[in-house]
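With chain X's structure known, arrange chains Y and R on it following the hints.
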Amino acid sequence: MPKNIWKSIKEYENDPEVLKAKLDEYKEGVKDNFTPDEMSSLSRRKFLAILAASTAYATTACTNYRDKGEIVPYVDRPEEILPGKPNFYASTFSDDGKSYGILVKTREGRPIKIEGNPDDPINKGKIPSKVHASILNLYDPERLTEPTLDGKEISWEKVNKSIANLLASSNKEIALITNPITSPATQKLLDELQAKYSNVKVYTTQLFSNCNRQDAWKKSYDSEVLPSIKWNKAKVIVSLESDFLGKEGNRTENARLYAEGRDIVNGNDINRLYTFEAGMSLTGMNSDYRVRLKPQKQYQLVMALLSELLKRGSISSSNFDSSILSSIRKNSISSFATDNNLDTKKLTTLVSDLGKNKGKTIIYAGDILPTETHIAVNLLNDALGNSNLYDYSKGFVNFGSVSSPNDIKQLVANMYAGSVGAVIHFDSNPVYELSNSFGYAEALTKVETVVALSEAVNETTKLSSYVLPLSNILESWGVHQTRVGSITLQQPVISTLYNTKQKEEVLLNWLGNGSDDAYTKYLKSYVKENVYNKGSNAADFNTFWFSALHDGVINVSSKINSYPNFIQSNFANANTSVNGFTVLLQDNYSFGLGQYANNGWLQELPHPVTKLTWDNCAAVSPSTAKELGVENDDVLKINIGDREISIAAMIQPGMANETIAIELGYGRSNAGTVANNVGVNANLLLDGSSQLYFDNASVTKTGETYKLVSTQEHHSLDEELVKDLHLIRNIIQEGTAEEYAKHPEFLKEHKHEIFSITDNHEYNDVKWSMSIDLNKCLGCSECITSCNVENNIPVVGKDQVEVGREMHWLRLDRYYSGTPDEPIVSVQPMLCQHCDNAPCENVCPVNATNHSPDGLNQMVYNRCVGTRYCANNCPYKVRRFNFYDFRDHFRDEYYQNELTYLVNNPEVTVRSRGVIEKCTFCVQNIMEGRELAIKEDEEFTGKDVTTSCQTACPTNAIEFGNSNIPESTIAKNREHNLSYHVLEELNIIPNVTYLAKIRNTHSEDV
Amino acid sequence: MSSEYAQEFSVVEGKPSLRSLDEIISKPLNTKPGLKYYLALAFTLTLLSIGAVGLAASLYYGTGLWGNNNPVGWAWPIVNFVFWIGIGHAGTLISAILFLFRQKWRTGIARFAEAMTIFAVITAMIFPIMHTGRPWIAAVWLLPYPNQHSLWVNFNSPLLWDVFAVSTYFTVSFVFWYVGLIPDFATLRDRATSKIKKVIYSVTSLGWRHSNRHWQHYEMVYLILAGLATPLVLSVHTIVSFDFATSQLPGWHTTILPPYFVAGAVFSGFAMVQNVLIFVRKIFNYEHIITVDTLEKMNKIMLLTGTMVGYAYSMELFIAWYSGVNAEQFAFVNRAFGNYAWAYWIMFSCNVFIPQLFWIKKIRRSIPMMFVIAVFVNIGMWFERFVIVVTSLSRDFLPSSWAYYSPTITDISLLIGSFGLFFTMVLLFAKALPAISIAEVKAVVDGSQPTHHEEH
Amino acid sequence: MSDKKLYSYTALFDTPNKIIHAVKSVAEKGYTKYDVNTPYPLHGMDDAMKLKRSKIGWVTLVFGLLGTASAVAMMGWMMTLDYPIVIGGKPFFPLPAFGPIIFELSVLFGALATVGAMLFVIFKFPNNSHPMHDTEYMKNVSSDKYGISIEAVDPKFNLDEIVALFNGLGAETTAPIYFDEEEVNYKPTILDKKFLGFLAFVAFATSVGVYGTMNIALYLPPFDWMVNQDKSSPQQTSEIFANNASMLQPVKGTVARGFIPYKFSNQPEQAGKLLVNPIIPSVENLKVGKEKFDIYCSPCHGYLAEGDSRLNGKFPNPPSLHSEKARNWSDGSLYHIIVDGQNIMPSYSSQLSKNDRWSIVNYIRVLQRSLNAKESDLL
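Residue numbers (the numbering used here), protein chains in the order written: chain X, 682 to 1687; chain Y, 900 to 1355; chain R, 6 to 384.
Just chain X, same shape as in the assembly (with noise of 0.2 Å):
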């Protein structure tokens, strides 16, 4: 208390009134000369006594003196945040040439979720699991925190000093080794770098790059903007060996507007997707006619369709020069189908399909495919004339292009010749990403310094003296640009957890401005000249700025090309050949190549066709695994060349005979904890070409055995008891576009009354319900990502998903029917559906598990004893019990640190050891909503509220609200005629709707 403090304001002047108060401070009655005695006879001491001696006794046993924390608030409150609301910031995310605009959730400054940036052009709103896990990144407990020299510690100046003097003195060639940048400004900088130290030469490496179709797409049309697809104006598309809809070019994009196609639930007439393709992808489950055909032959399959096309007359000769169109005469499609033994009927179909939907078709060819095959397809869409559908107002910018195996030959061999003098790794990890033939690992021992900039340790830091650590995309800024239309800024939501730098802000430092925020101005500088100053604006730059990093986003004036003509000249045969196995090298669904394989979030993510987790496998079909005499997990030793790994085996309906196909980014050696030693590095099989697939493998069986873990049983297709059971069970409800157009009820006909002897309980005010469309899910697992970083779920772990106790809340189920080699897949995403009579409340002794007056069916966690009833009663078995305390069980705590805690979402509960738990309808966001429309003082509708997994679904397939609402979406799909519940008969009443799914395919073959 400061000592003059006043009561009143005649205090505070010295009232006289006042300063004879204070001198007796007891009125009249009460002198200061009294004697207790003259009070009554339980004296206030007595009493006082009595009271004290009694609550000593109370207080000793009954209470806890535990320390309950002290608390630190705010000392001066920044305008825009309010403890326990979050806040929303608009940034990008870039990573590997792609870039996605995101909406940062933050709480008290710290972000705890990554969501997409609904302004975002391209992606609207969504994003990849990559996006949604890398906030663990940021948190991970072994990010670079200090620059080091040989392992010590050393500070940011000395280091930029030294680098500074190499690059101006040094007259040997300098490396600067970067992965494809998206941002004009930071290939600006590079190009400053150079333009200042002449010796500096960059090269730009990337395992997965599209330059087959970009140098393809030059051959043909002479342009350098790869145009994008409209997919959703397709009527019939055909994929070649392209996993469009999983992995290829901007997935969540191309999802999109695939679904957009798909969408017969609102009566819109859906597109027909054929898939010719090798291995088994998300684009060939999704398919309503897959083809099991080898990458070498699609060239001759290109070639057969224009064939068969000019036959029928679908397209005219007259597109042609004569050398074209004598090479596609050679070709026919029946004896394509007998070389290839395959279904004939398939082919005419597609030909047919192709002919009546003429521009209003896509072929789109795969990015490993060879430049003549891409070159072909556009010759074949350009026939058909669906040029129409390519979009190029949205089309791909990219600046600087991959550098050619050549390049990099050569740079090894400067830099064995002891002619380079520095090489800088600028985020970039060539010493796993690169072919071992380049030999580069050793080189690197040949060049005196050896700089890595990077965010966490991986192997190319541990061969370099100077590690610099760089700053998480979360603390940095930038701007990006992937596509004509748009450009996203990227913006910091909270400052540096370490002494790190971005890169760009190092490149400054070395061009000599030493400054702080250089990068901030540069940045700014940039975007002024570059961008405001291009542009029209009213506002002043200020109000741009501001606005721009409001939204993240900038929509530029992209200038329409006209549709440039193709040129036949440039027309090639491809290679055709193939002996022998086939080895099949992919991209991974989850984490790429880059630093996110050491992320537990990613890694346990289940493989969206194979449900793997924490392995990579060599897919084997049935018929092959036969003859080879493999089983599940036998290891396989595979030798192209003198290239060889051993890799387990796991059995994959629907792969090509004579193929393998096995996934990159795994056998990280210097990966950090998470990622150390996860599968098996493929890389070693990549022969420094740009290829991706060889021929010629010899695939011998070990002996061995290796325990692959996936999330779900292999249970062989041929197994007369398991077989079709999801079909016979009504779990999966499918039918065919013309069946449905022929009677729309035929899902209600097999339905029979079910009656219960009590009635149900009314719910007038609000009923949480979900439908979710399987016409638009693709099994794409964003939703679990999602989900995992919204409601801290915890990692387990390979030993324990091994034992069934991974614990996502919401799992995507994969079934098989048809025949082992031909399999029809079934996605059906499978989470608490929240039933009216759940079952699993009746049996939980404690009252664990009830239901809230708006229907859900809640968990209380802190009352369950864990009797694990409900899990056994739940039929749908979405309920997940906390065996350990995982945190702790994981890697030895590696997640279990006050650093890796701030990711988890406050306004959820972190769950201990020996509790159930599960899906709760993201009850947060709901509560959220509440408090929102009780402060506004209006009746709670729930219109606005939203689950994390919808938020994050691709293709919006699922649906979520209050189903009291008449008019509401979701109100609509309950009643819709494709709408079922999974067991429906037990009679449990579940608010999770399935809207069956819908294949495109003729009936006269279904």
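Keep in mind the hints are simulated off the structure, nothing from the lab.
Among the hints, a few may not be true.
Simulated pairs of lysine to any residue, SDA-like, Cα-Cα distance not exceeding 20 Å [to be verified]:
#1 X:1388 x Y:1302
#2 X:749 x R:220
#3 X:766 x R:254
#4 R:95 x X:1665
#5 Y:1003 x Y:1302
#6 R:236 x X:1543
Partial list, computed: chain R residues near chain Y (C-beta under 7 Å) [as the list claims (entries may be wrong)]:
#7 42
#8 50
#9 100
#10 102
#11 126
#12 127
#13 144
It should be emphasised that the depicted structure is a prediction, and the values quoted were computed from it without experimental measurement.
Don't be surprised by glycine CBs; every beta carbon is placed ideally from N, CA and C.
The following block gives chains Y and R in isolation, referenced to the frame of chain X:
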């Protein structure tokens, strides 16, 4: 009344004097046990400590140490629970139901069987508590007491019914057992030589004076308790079976479970009692009190209940087929031919085929044969519970969530430990208390009852 | 001998038939206060003693029914009245589910009550200090003899007659039983030192035990109550950041959704020129303005903006807002001062939303007009 006894064969062979009965029965209490006894005790204590280690570990690290996985939420611990509760059925059945049916032959074995009931129930009660995720809370929150959550327990839940059923069963059995012990304590008190024993027995005998004015009420109360215990013993396993029957898992959700559980319980209970008694009568020379005729009668009951169980197994299959529900049918086909077929056939052969040997009188009366068969019965009954609990869970409605269960070392240690605990208690009992009801046996020795024909 | 008080006179017989015969004749003689002790219940003895059938069954019935009632009452009250919850769509009074527990409690109550009644009501147990105890007689009847004892308090009690009668009936041995001196003269003292010591010990042990368990033992691993959450709630501490605060300042220059920064900071004249008051004064927003003004501005500027506040004299006096200068300020300038502060006046941007600020500006205008009204106001 006496006329019926005339037809009855003599329960106690020979015509031992009443005092000699005192001698024989109280002998173990007064004499120092031999080396054999200590070896046996050492053995059981070893088993017990193995279990104790397993228990401590799973309490400290969590149920993750067990084999339980996602679909299979319940496994060995629950199997053990049901198994031991089952064992605990013979005792009260023998002392209550057979008492009501005036089966005099029960007197020799009643006391021991009752004791085994109590020990079995104690052993069983450990598992439901320890199998929970947070035992320290489960132990308390399962009781309906006013708490700071102002939340009550859920009386819909079969698990809660268990809590009441098992604890009631334990209490009543214990009271029943103790009431039976009072006169014997008095007898021991009056034979006691050492001061301490005298004090202990004086307290425990509650001042019993063998007064007929007391005997009169005592007999009535004993009859009433028997009357109450009879439905109780039938209810306990019925309610345990509700844990499964009232759930909706295919393979659990079957109305036949209650009777079939009770039959099974009696079946295994008798097997266990018979096993133990075979040793007891040898070691303490009770051959003429626990006679072969008695054992044969028990074997007959095993034959009966075993056949009932067999009937239940086949009826289950029929009903499943008859239901026409795929999940239901699959559950049972899967039991017999799925990935747990081995367990199913162990169960079937041990419980249904092997006991059929008891049709043969020779086998029924041959000590070694009946011992071996009873052992098989117990193995079979354990597997019955395993089959019901695990196979149903591991493959239920959605094929996507199926998984195979296999136990861990901790699971095994807990099972071993439970046997350790049970037999330790049995051994201590045999040493510390009259293993046979003195008063009851005296009452059925030939000529122990007045022959006053002028009455009738 | 003579100083001892006689309790009863007893005789022992060695066969069941003899004792039955003996009892009959004793009963005929009209003795009432006599008892028979046998090692096990003898059939026909009750008739011989002319005892009525035991009525203890009624206790079982009554308490059994009580059990039933209390079970229904308990579950009904807990689930239906006190805290009804929707559980699996079941009704709030799920009678079928109550069945098992109703049954169990009935049995439990019945059984315990019966045994209790027998021991403590009928047998008056525990009375381990009966004169009969530790007598030869008792030792025999608890093993293999059948005894009869006639109490001295019996009205027809006559020692010689009874001895004769017993011998006549062929008693093996006959003997008197006396009261135990100590038992008779025993006076219990509640203030016995041992007893008090015991009480003290129990009290101590319980409180230490309870405290230890409730406050220490139960919070050691593995016990987990989910009290300590591995996450950062508002205003919690965190070791990661400076001064242990888990709440951070946003990065300088960033723009959160819905919070476009104030762009005229440090440019008052710009603000004065360019800022436009978006709010047309209305009763509602003036109310808001007054409220906020009274809360945030009046401490210095005074309720009437005359600069005469309770702070007067403590600080350099805050200016009156009625000055010429203040009146001629544009709304923008006033707004700017609220946001940016001026001289020693701090920024109020984090306390006041945009709306509030403009409302306050409007309210200040009202105050100013109140002292310097225009003619137009007087109409």
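Okay, the hints, checked on the actual structure:
Between residue 1388 of chain X and residue 1302 of chain Y the CA atoms are separated by roughly 15 Å; this keeps the pair inside 20 Å, and the hint holds. With a CA separation close to 13 Å, the supplied pair residue 749 of chain X and residue 220 of chain R stays within the 20 Å bound. Only pairs whose Cα atoms come within 20 Å are accepted, and residue 766 of chain X paired with residue 254 of chain R is accepted, the gap being roughly 14 Å. With a C-alpha separation of about 18 Å, the suggested pairing of residue 95 of chain R with residue 1665 of chain X holds against the 20 Å cut-off.
Straight-line distance between C-alpha atoms of residue 1003 of chain Y and residue 1302 of chain Y comes to about 52 Å, which puts the hinted pair past the 20 Å bound. Under the criterion of a C-alpha separation no larger than 20 Å, the hint pairing residue 236 of chain R with residue 1543 of chain X is consistent with the structure, at around 16 Å. Taken as an interface hint, residue 42 of chain R checks out: its beta carbon lies about 4 Å from the nearest beta carbon of chain Y, inside 7 Å. Hint status for residue 50 of chain R: holds, given a least beta-carbon distance of 5 Å to chain Y, under 7 Å.
The beta carbon of residue 100 of chain R is not positioned within 7 Å of any beta carbon in chain Y (closest approach about 10 Å), and the interface hint is therefore violated. Checking residue 102 of chain R against chain Y by beta carbon gives a least distance of about 5 Å; that is within 7 Å, so the hint holds. Evaluation of the residue 126 of chain R hint against chain Y yields a violated restraint, the C-beta minimum of about 10 Å exceeding 7 Å. Residue-level restraint check for residue 127 of chain R holds (minimum Cβ-Cβ distance to chain Y is 5 Å; threshold 7 Å).
Proximity of residue 144 of chain R to chain Y holds as hinted, the smallest CB-CB distance being about 5 Å (cut-off 7 Å).
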